[in-house]
Amino acid sequence: MAGLNGLKKKVEISPEEQLAEVFISGAEKRVRALETKEKKFVRCTFSLNDEVNQLIDELVVKSQNARVSRSSIVRIALENLASKSSEEIKEIVNQQFT
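The numbering used here puts the first residue of the sequence shown at 1, with every later residue one more than the last.
Accuracy of the hints is not assured; some may be wrong.
[Said to hold, decoys possible] Only pairs whose alpha carbons sit at most 30 Å apart, straight line, appear in this in silico DSSO-like list of lysine-lysine:
id, residue 1, residue 2
1, 90, 62
2, 62, 84
3, 62, 39
4, 40, 62
5, 84, 40
6, 84, 39
Derived by calculation from the structure, the hints in this document are not laboratory data. Everything numeric in this text was worked out from a predicted model, so none of it was measured.
Make a model of the complete structure from these sequences and hints.
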């Protein structure tokens with residue numbers, strides 16, 4: 001009876017079904033690629049005066065985005081400042097200390 005294994009009728013998949021299977025398997029790969037990688041955050045402690053603290057709160061409200069946190073406002077501000085040239089940063093910093 002060992003020679004009877006190949007007697008089953010092969011089920012052929014239609015071209016549409018093959019395309020659907022390729023699409024589904026590709027979608028799973030794309031979803032896995034979109035998943036966010038574990039981010040590493042570092043807790044920092046720094047002091048703010050009441051005026052700056054209130055300004056951060058106001059910017060959170062003005063952003064009109066429910067996902068924006070105080071930390072993200074500080075991060076966005078720092079990234080924006082980092083995009084400036086050295087001369088622009090020097091001018092901005094000097095304005096704060098005069």
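Task: Pair hint outcome, residue 62 versus residue 39 [Cα-Cα no greater than 30 Å] - done: holds (26 Å)
- [ ] Decide if the proposed pair is consistent with the structure: residue 62 and residue 84, CA atoms, cutoff 30 Å inclusive.
- [x] holds (23 Å)
- [ ] For the pair supplied as a hint, residue 90 and residue 62, confirm whether the alpha-carbon distance does not exceed 30 Å.
- [x] Cα-Cα ~28 Å, so holds.
Open item on the list: Please verify whether residue 84 and residue 40 have alpha carbons no more than 30 Å apart.
Closed with: holds (26 Å)
Task: 30 Å limit on alpha-carbon distance, applied to hinted pair residue 40 and residue 62 - done: holds (27 Å)
Task: 30 Å Cα cutoff - pair residue 84, residue 39 - done: Roughly 26 Å between the alpha carbons, so the hint for residue 84 and residue 39 holds.
No hint from the list above goes unmet by this structure.
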